[in-house]
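**Q** So the chains spell out like this:
2 protein chains.
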Amino acid sequence: MRFLRNELREPGELELLARIRRRAAGVSAAGLRLGIGDDCALLQPRRGEQLAVTTDLSVAGRHFRLDWHPPEAVGHRTLARGLSDLAAMGAKPLAAFLSLGLPRELTRRSGRGQPWIDRFLDGFLALAESYKAPLAGGDLAESPVAAADIVLIGAVPRGRALLRSGARPGDTLYVTGSLGGAAAGLAQLAQLAATSPAASRSASPSALRIPAKLAPRLASHLYPQPRVAQGQWLMKRKLATAALDVSDGLSTDLAHLCEESGVAAEVDAAALPVHHAATLAQALHGGEDYELLFAAPQTTRLPRTIAGVAVTPIGRFVRRRKGRPLVALATAQGFQPLNPGGWEHFS
Amino acid sequence: MRFLRNELREPGELELLARIRRRAAGVSAAGLRLGIGDDCALLQPRRGEQLAVTTDLSVAGRHFRLDWHPPEAVGHRTLARGLSDLAAMGAKPLAAFLSLGLPRELTRRSGRGQPWIDRFLDGFLALAESYKAPLAGGDLAESPVAAADIVLIGAVPRGRALLRSGARPGDTLYVTGSLGGAAAGLAQLAQLAATSPAASRSASPSALRIPAKLAPRLASHLYPQPRVAQGQWLMKRKLATAALDVSDGLSTDLAHLCEESGVAAEVDAAALPVHHAATLAQALHGGEDYELLFAAPQTTRLPRTIAGVAVTPIGRFVRRRKGRPLVALATAQGFQPLNPGGWEHFS
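Listed in order, the protein sequences are those of chains B and L. This note's numbering numbers the first residue of the first sequence as 1 and each following residue consecutively. This note's numbering numbers the first residue of the second sequence as 1001 and each following residue consecutively.
Warning: the hint list may mix true and false statements.
Facing chain B, a subset of chain L residues (Cβ under 7 Å, in silico) [claimed, not checked]:
#1 1038
#2 1040
#3 1041
#4 1042
#5 1043
#6 1045
#7 1048
#8 1051
#9 1056
#10 1059
#11 1099
#12 1139
#13 1147
#14 1164
#15 1309
Just so you have them, the derived chain L footprint on chain B, three or more residues with Cβ under 8 Å [said to hold, decoys possible]:
#16 58-70
#17 157-163
#18 301-314
FYI, nobody ran anything at the bench for these hints, they're computed from the structure. Predicted model only: the values in this text are computed from it and were never measured. Ideal placement from N, C-alpha and C gives every residue a C-beta, glycine not left out.
Given these sequences and hints, build the entire structure.
**A** So this is what it looks like as structure tokens:
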């Protein structure tokens, strides 16, 4: 619990820390007994609840680019990554913790406009409020490279978490929402950066201006919505035998699900809910859509939408056989192996 | 839960991830239901328990130096920072989570010897085993600057956590162990680096050789012992009205305690348990000793040692008065203000 470290004792920064503490206090917090300000935060789980815990590290130049991504989007995406892991377990958010390593200039006002960190917090806290995930603590340190580590703690009734390991041969494979939108949005952002002389010459924070008419086409990439309500819906009704979130791309994440469950999978190319702006390759291999991928017995009847988001059957789980691929893609031309080819970030 | 990200898919690194998972499984884990390998870890608190959560970010060049600190010490110190926060609340460790951002060369074998990350884990996991704090998850990402974010989750009976906010005027101020040893050890390390031509010319990992005869004098800095047993002892007996750990130095941390409790404090210089290798200034302002600083009513009788570690009364809490310092140092010459002058790291 180090939002008050002495290494950030300059007047402007003490004020920043007080501001974080004040702003964090604005987010509703049912299970939080003690937030920022002591050695630890204190959480009160309810009887019969287990706690789901996940951490995700985002590094500038790898998971985001200071010269491409608006600070609000970096804040939103940082928290969305963690919330999506909770969603994949069917857990309800209890509290978030954020460790930020930042170059000093990102904590200071530069010319017109707010400091980078304030805009980062705008995006972070807006999403935190939407999903009732109060910022309960964290750490702040100076670092030559911007990095954000997000910790999410959620609650799930004992023994009811959606695991990766429960898919059985014969189960149907489902996905929420659509796939490839985030990859298509990123491609659009890269194109914008390439044709924007100011941005291409500068690695300075948020140098890239995003025209308003392009914003909707970038939203899947910049402001993904974790499927927290959908995960809890599935958990409560015991309908899914296994689940995970599509963070590294369908081909990669489905392979993880198969490995942990000890099964193989077949995906029907024609059934995939490809995002309207995306290609089939982006839907198969693009990352950061943060949709849920899950298994349910063939006999289970699922609605077409869960909490307002489409649910689509896209294939099935089968027995693993020697010489057969772990994940296969079924097209009009027959089967072909679908090898992991997910997200390569910005490296 | 991302120790299996696709960005680390090279054969050597997949093998590294499998090794972390295997080695982490070796640490005892009473409250851990599901560890590395799914979207989240699952913890099972016991009835009536609250959870204490803390995160601490360590950045190369600021909290440690790759060219000074043996990787084992970086691993040990990373975990010790988090454990010490639990100790300060009187909480028992349940699980640790570790996010590592590392330059690629630190994950690879270079010439003779193990990769840096393996030696880091040696130090980390040895301490984790000592304190029954299983590594339950985390994240691993490539980063141009080495950084480690540690998350500790502990359990404490409801309403019994030691807070910073309970000290009252008249309470006695205590500290465990001795003060200044870590600062003295760091000064010794800096001197060694300055007189070691190989190290001073190179910023390469662990270039500095530490002669065996110097090791004991560096131990307080390189391998601090968090006071987990002492914190739990105080919590169980309801003897402390407030507590925190000395991470930023007595002068800084005591000011935090006073601020959160709304009191002032007087420290008796002659009573301070100054580490045998340290100066008074190092004991007053040096950081990273990870001793516990706590308050107890004047009428409380405490033993001289708790779980094998000395406990020393070093002053008292008094009412805040206008024009009087928040923290004062009492010497033979009278009172003087003791202003926060703690740890400045390596900047």
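**Q** Mind listing which of the numbered hints don't hold for this structure, in increasing order?
**A** 7, 15, 18
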